[in-house]
Amino acid sequence: MFLTALYACLFYVMTLTLLIGVGLRVIRYARIPSPLVIPTTPAPITRSGVVARMTREVVFFESLFKGSKWTWLFGYLFHFGMLLVLLRHFRYFTQPVWYWVETLQWLGLYAAFAMTLGLAGLLARRFLVDRVRYISAPSDYLMLVLLLAIALSGLAMKYVWHTDIVALKAFMLGVMYFDWQPLPADPMLLIHLSLVLFLMLIFPFSKLLHAPGMFFSPTRNMRDNPREHRHVAPWAEKLGAEKLGAKQPGSAATSRAAD
Amino acid sequence: MAKQEFETPSLKKIPEIPPVRIGAMAHSKPFIAKAEHQEALGYPNELVNNWKQVALDKMEELLGKYRSLQVFMDTCVKCGSCTDKCHYFLGTADPKNMPVARQDLLRNVYRRYFTFAGKYFPKLVGAVDLTEEVVDEWYRYYHQCSECRRCSVYCPFGIDTAEVTMAGREILAAIGVGQKYSNEIIGKVFKIGNNLGLPEPALADTLEGLEEEIEEDIEVPVKLPLDQKGADVLLITPSADFFAEPHVDGLIGYAKVFHQAGISWTLSSHASEAANFGLFIGSYENMQKVAMRIREAALELGVKRIVVGECGHAWRVAYSFWNTLIGPFDFLDPNYPVPQHICEFTYDLIKRGALKLDPSANDDKVLTFHDSCNVSRASRMGDMPGGQFVIPRELIKASCNHFVDMAADTIGEATYCCGGGGGLLTDDLLELRVKGALPRVQALSEVIENHGVTHMAAICAICKSQFSKVLPHYGFGMDMIISVHQLIGDALVFDSTH
Ligand code: SF4
Ligand code: SF4
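Chains as they are written, first to last, in this note's numbering: chain A, 1084 to 1342; chain B, 10 to 507.
Quick caveat, the hints were computed from the structure, so don't treat them as lab data.
The beta carbon of each residue, even a glycine, is placed where N, CA and C say it ideally should be.
Some hints here could point you the wrong way.
[As the list claims (entries may be wrong)] As a list, the in silico EDC-like pairs of lysine to aspartate or glutamate whose alpha-carbon atoms are at most 16 Å apart:
1) A/1152 / B/93
2) B/189 / B/418
3) A/1326 / B/339
4) A/1326 / B/294
5) B/74 / A/1320
6) A/1149 / B/418
7) A/1152 / B/418
8) A/1321 / B/294
[Said to hold, decoys possible] With beta-carbon atoms standing in for the labels, derived distance ranges:
9) A/1111 / B/208: 42 to 52 Å
10) A/1138 / B/406: 31 to 41 Å
11) A/1196 / B/69: 43 to 53 Å
12) B/362 / A/1135: 30 to 40 Å
[Claimed, not checked] Stretch-level coverage of chain B by chain A, calculated; a stretch enters the list once three of its residues show a Cβ under 8 Å from a Cβ in chain A:
13) 376-388
14) 431-440
15) 455-467
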């Protein structure tokens, strides 16, 4: 019972840390203006063009593909492998299991291997490429090791040390609906869960912030329209105002630096 | 010339990524600004006593003013995609010239003082204390970045090291450690109106001399008007165009185009400079102050349009920032883009059939084109994305018969900086400039070898000065580099119908 209570509480605390931590970061990013129009050009001129550009970045890792084919390959295997694995895990949180989650189950299995392979490739690059080794801090290695350990402990449960899936699911649903059920005390499961909880904890304090951060990158999300739209940040409005004449702020063609 | 104290990198059969050589460029350091250069820009005269606090306060201020800086400090995952993209790394092999490592100089301090992980686990995340050594490294390596944005193209999060470099330089200036070259020049613009400190009478003289020269050459009375009230177009051009080679031939080219198109135009002695070094030092205020002279001149002269001459970062500031800094331009003719690039202007005339060009006039040349970094990755021409690559090439093709592009991964959005941009075009950084030019010269040497290229055209005053200086180090002629509008000017056919 102690284990159940401990892990249930940890789930609550870590979920809150993750949500509040990332939320505060996102609010900060959203509040800071971009005083100048700085998309990396050629850049889209329209809003829908920007949506298309961001979509290509998120779905295909377009810039990374241009920059480094190996990193792209391993990074892609890892991220999309992990996405499928996560979706596969939905079967532990839904009752009855959603249809599309069921149809994904077989794919999720292959994805776990893709994810592991991708992580191993990224880790190898960190050791082997002298430039990447130079820029890596201990945390950069450890992050990959952590993710790798999560993937491997998951695979170990699937193929070697099975756990009581039915009881585990009851525990997860119990946590979600505040009706605690006993957690199976299998060591591999406890390791796997602990690592995931730790990942949730460090998310808002680490470079994992790249996930929300990329949507705020002004070089990618700004439109290339400075001649057509006047773009002024609130803190810059009073600068040079007397030389620009009184009608400067809020004149018809002026768009606030909100986007 | 004194004997050179460094080795010019050798050109290879195929471009190579060098193995890292730690500290290879640690000795490179431009002259520090003197008291008077700092003062004119509103910065302290020398290193302030409580520099550490001032630096951290400035960093905090910038993090709250620029979303780019805040997001870029947090999002880098050290993927390494940018590590082999900087011309200064490729030319020097110093790992601190890898874009991510350059950012890390600031990021490691940011982490130490502004993040949970860096405050409590500095070793783990590579956070470092702000010490005098760190400040010294900032000064050295933030003056080994030309703010060319090539790295930002290849970063999965669009992290633009130029933004970080600008922040780094602004913090340095705020504690009293500015760079002499840039700050001295900005001071001259404030005092006299241009980077060269060329006063009105000297400018008038120069322009008159050019008019005589043109008339002697082609027997057409092409004018270069100065401070002419009521002209249609105000031309803002880098002051190097007034006297430096090969820039001046570009200026002659613009004048011929205006003459032939029959459009009245003028230069301004109050705003006789397109360059805006306020960008280089990352100072919004100084950039705005420099640009303000142009608005004043346009109002004073009562022009309808503003056209900008060939200059890379100047075009970035004009195209991307003028409207923000010195707009709105509701006093100008809304039928034309404000500002308009001289290449857009000429291209428009050619498309309308207002200019007649005879490309055989340039038959003695085989051309290639160097895309300037700031034009390519920080601005646009025409009404579609990428027009900045199309329009200058169309101009070259309209004015000469032989044109070949350099390798695809060295032009367009992937173009390499000339090695002298971003406030580094100074003799105290010559070694850096020569080494930083390596990737461009490498690509140039390939088209020389394979296609018999004789000249490289450019649309940037810094590129032109830089190449005329560094090409000889690689065994090429300094006169290989020419202005796009020199080609136009030489190919223009004058007739009397205008
Ligand atoms: S902006 Fe250009 S010079 Fe600066 S780090 Fe990036 S690639 Fe290098
Ligand atoms: S490409 Fe971007 S995320 Fe990757 S190391 Fe460079 S700056 Fe960091």
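Hints versus structure:
no., hint, in the structure
1, A/1152 / B/93, "13 Å, holds"
2, B/189 / B/418, "34 Å, violated"
3, A/1326 / B/339, "15 Å, holds"
4, A/1326 / B/294, "13 Å, holds"
5, B/74 / A/1320, "13 Å, holds"
6, A/1149 / B/418, "10 Å, holds"
7, A/1152 / B/418, "14 Å, holds"
8, A/1321 / B/294, "11 Å, holds"
9, A/1111 / B/208: 42 to 52 Å, "49 Å, holds"
10, A/1138 / B/406: 31 to 41 Å, "35 Å, holds"
11, A/1196 / B/69: 43 to 53 Å, "46 Å, holds"
12, B/362 / A/1135: 30 to 40 Å, "36 Å, holds"
13, 376-388, "holds (count 4)"
14, 431-440, "violated (count 0)"
15, 455-467, "violated (count 0)"
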